[in-house]
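Engineer: Those protein sequence lines, which keep their order, are chains A and B.
The first sequence begins at 1 in the working numbering and counts up by one.
The second sequence begins at 1 in the working numbering and counts up by one.
What the hints contain is simulated information worked out from the structure, not anything from laboratory work.
Warning: the hint list may mix true and false statements.
Pair ranges (Cβ atoms, derived) [as the list claims (entries may be wrong)]:
hint	chain 1	residue 1	chain 2	residue 2	range
1	B	W177	A	D186	53 to 61 Å
2	A	R89	B	M57	19 to 27 Å
3	B	T12	A	R178	36 to 44 Å
4	B	G21	A	E138	53 to 61 Å
Note that the Cβ used here is the ideal one computed from N, Cα and C, for glycine as well.
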Amino acid sequence: MAYALQQLINGLTLGAMYGLIAIGYTMVYGIIGMINFAHGDIFMVSAFIAITAFTLLAAADVTSIPLALTFVLIVAIFFTSAYGWAVERTAYRPLRGSTRLAPLISAIGMSIFLQNAVQLTQGARVKPIPPVIEGGVELWSTPAFTVQIGWTQLLIIVTTVALMIAFTWMITQTAFGRQQRACEQDRGMAALLGVNVDRTISFTFMLGAALAAVAGVMVTVYYGVVDFFIGFLAGIKAFTAAVLGGIGSLPGAMLGGLLIGLIEAFWAAYLWAEYKDVATFGILCLVLMLRPSGLLGRPEVEKV
Amino acid sequence: MSAVVFAHHQLTPTERLRDAGWIAFVALILGIPLIGLTTVDVGGRLAVDTRFGLLAMAVVAAFGGRLVLRWAVDHLKGRKLARQRAAAGNAGGRAQQVVNVLGWLALGASVALPIVFSDNRYVVDTATTVLIYVMLGWGLNVVVGLAGLLDLGYVAFYAVGAYSYALLSTQYGWSFWEALPVSGALAAGFGILLGYPILRLRGDYLAIVTLGFGEIIRVILVNWTEFSGGPNGISSIPRPSFFGLEFTRRPAEGSDSFASFFGLEFSAMHRLIFLYYLILVLALLTHVFVSRLRKLPVGRAWEALREDEIACKAMGMNTTNIKLSAFAIGAMLGGFAGVFFAARQGFISPESFTFTESAIILAIVVLGGMGSQMGVVLAATLLVLIPEFGRNFAEYRMLLFGMAMVLIMVWRPGGLLAHREPTLRLSADGKAARGGA
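Pulled out of the complex, with its shape left as it was, chain B reads as follows (with noise of 0.2 Å):
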């Protein structure tokens, strides 16, 4: 490769503005029928309204940017390009210290939030609603990617969850705690159902077969009103319990509520903190079971069938047993997301358990970069923060979350974390050493 040497073409000035002019005609075209054109309802009628200002603006702005934009990325690239020829070494594995770090950084932020916000209600709600999407994330990466099977409707699972555990509680009185591994037993029987008779097809035909699924799942949701409740969903579901202290202002005769028992104020927070920190506690479960499970022939067995079927099945590997564990595992852990997440809203709908849920998990995982559990923090919290950032121009936060996703993803195809180290490689010495998680 050193021997190659690629001459780098410098755009002139006149090209640039080719180049850009070119982009604002594209800007226009496109401009015209969307931004410069609009029907208004006007006395019951559609009537045609003009926006050619506007319309003007945004060609201008499609010129501007895509001059500034082409001069940095080539600008960049210049300077990435001098950085590789200066550094050929090996990067990989510092980085993977450094993801190392950044992991035990970010575990030690997270167990301090809520100490650090413990008024301040919504840092805590958006909080946990990350470490949702982080558990989500890491059960998919199981299926997605570990074992390499495209699922698009795993949200299916989680509304397995969610629905066990709210009717588990609201009809038949359970507790969270005792509902929680019969949910995601059940969610796992789901997997395996599904996934029994589908997981003989291959890559795209399994995908849509999922979404399929996921769909049904939620059409039987909305229609079967005496089961699931329809659309008005299921509400007023029990919260989860510290050691059987409800968080109650008023603990019913002969108990004691979790403030009363340590002697503590109320405080609606309390409650908050821990769903945060129970959340915390599944997700961090979950990723110490998963990196295990990485670990043991079954996870060796996935990312084996990940990277070549057909040499699986020549190793005399049994691929479909292998496929429903990683269809099971992935399930059972999205069920138990669910529970929680049923626990926490204490109001589930159909609503909640849209294809678009599911494509939000699927772009956690391979927007962090498939297969990498640190990833998935990332991803699950910039996917999560960027529609919250985009609050104050609400109408925005859906246009700019899908932009981000195709932004990310054109610039770092692989993920964002996309360094995959392998768990098995040979040393130097030719000795099988183990490779970090």
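The following block holds chain A by itself, in its conformation from the complex (with noise of 0.2 Å):
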């Protein structure tokens, strides 16, 4: 029971990043239509903004954390958003029209370029940095084991909610997100009516970047190791939760993540750890064959 009472919050944390990577997918899914493949590179990327701008801190002698982890979500979210700009407008705005794999296409060689930039310019190797927060509570204790929630787990599942609630009104109630959903609903209608389409896509990239760079910075913090390579699986999943949630739908993408972490953390607990993937992408498969359009999403209505 302890044990699976740990299994649940290891779960939890994990699913509240891919969840956070997840909102980036789904809400570009949600406008322009296309897997933005190259969204789980981001995502890497920000967790190398985020050792380089620790390694700086440390070098200049910064010891409070609160000040610490503030200064590096500040500057990962502003130089990952940056990155998704620029990726946008580089590798997808010029192919918006075309047919629907031309973008799909270009972004995998996006993802295929910052994988190797990032290499090239940060090196292959692992990058490790020292725990940031250490310590956490026990919860519970039971001579056989002990339930324990890690400051960094704490910090995770409470950044998470903060910013699903900041999101959430952001989307439903402030002027950017009226127009991106209208922008969601039909294009060409809300270009007529004077949103400024292109403005509004961007912003979106723009804001699904800086919640992937939240993400960057947590995982920076949680396992202390970066790599190139993170981005892919990272990815990956994120994506598979945003299509377990039904693609479209932000409620849907935070939780398909957690649905998604935990199903990780308890097949790897209780199962065979190696099997893991296989456990994630096969409930995906039962999921779309039982509800095609994913947990909390609306069925596509087909129009002739």
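Relying on the hints, combine the two individually framed chains into one complex.
Structural biologist: Okay, structure coming up:
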């Protein structure tokens, strides 16, 4: 029981990070209907930015953890959204309105490019940093097993919840949110009504990248190691999460992320750790067979 | 259209400078975290290293590059517009003829290649790789280009083919020619097995499930050590023989080797050239097979399905079966390519069947122009040769590869040979006439 509780905590932490990345996928899909394959690599770039920022802070003898985290988050969000913007501008905008597969291929190309650019400029070796936040709270202690929630895990879960609230507010209440939803429903009509579609799409990419940046910083803090290849698997898992929750649906992305995180944690703990990716994809296939539009997705209406 | 005249705004030098300046600024922002700063390992701990000189160079390069590129693009666009105005004729038919001529030329060149380069191991080897990708591209073209089903896990079928040959030959002593049809059938079986439950999914859902399937196969191959040898793979897979003649220096007692049978001096090149012609024949058979299929009802059904699924259903077509047939045939062709791959390498491991491989095959189909057979050849040649030419600066080759994928797509969103000839078209007098393949 205690062991299961611990897995629940681990799974939620993992799931929160997947969820944050998944939102980037789902928003971009919702607005321009493409799979942004480079999103996982944007997340990887942000983890590298976080590593550099943490190392800089350590060199400058900054010891206050809240200050350091805030600084790293701001830096990572700034630069990562710049990357999100640039990727959209160079690789996707020229292809808007062409076939559905063209942006997908250019996204795969962008993903390969980013991975290799980071490998070249930052080195291929795994980068470790010393733990940023240590310790945690013991929740429950049995003679056999102690359930512990690390401060990092707590921080990740709290930040994710706070971000989700802020994000929901932004999409439902602000002018940008209205424009974003308008573009999602009908880009042509939105343009006729005076919505700057290009800017909205750019901003959507930046927002997705910013959330990925938060996830990148968290991964750096949580695992303490980063390499240029982390974007691939995280990206695929997050995209799976987005599809599982129903692509295009924001709460769906978060739910999908949490589910994937939990499935992974429990599968690895109780069954075969090596096959956890098989479990993730297997469950995805099952869900899609039974509910082809995902858990919270709207069924697609076919118009003739 | 001719009544509308587009005013072509000529950029002033100031505007050009401002534009390039903006790009340089973006390059600066993007460059700071990755180029300007880096972390290095100093005595077990990371320390930040700065490379502002390099960053400055990158920014200047971005500025200059943008200036030149913008000027060139504007220049070319102007000329293209002028050309279009001059010749608004039917370039389509002519383009098709040019492609056909190119096809025959390419065929002639590929037959002659090993004769010309008979002692250049590297060229023949690279050409063999190109042909493997051409074959894979043609196989995936059935699924993606003709039936319009986005498959991101095609490499799974390639792996099924390769592993079935490897296991059949090393465990049960099957020869290449015996294993080839069986492995293809196995791959097709996997295609049906996977396709049956998921083919009612649409578009991107299908894409992610196929991607997941590709990963599942790879993870199983890595972890199920007793079956597949795990990450170490399977080695010493027997090579194909030429009608029973082995390509060995010393044939076993009582049998002939290829060299001794034809009274030739033994040369390691014989096998390479044989392998080259083998894949050439396999690829050509694939081509003929697919081109014929396109003209059969099932091929037409695929293309109809790609264009409009709802209309197909309304016409009473069984879309599931049509999709399944496309999936199975694509998988079978991938399986054949896999068998050849295993036989050529003599060693396979899950390393060769990653998602990147699927992405490259898909890129070949899309870059070539979906549904275009010649386009696949062109794109496969390009995508294999770009990293090969990049070998001199090895660490940049995948970077160049990714960049080339983006640039080609932006330059020609429809693919290199985007023109698609309808299989059937109405001629001027209203009768149905056959178009080119």
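Engineer: Which earlier hints turn out false for this structure, listed by number in ascending order?
Structural biologist: none
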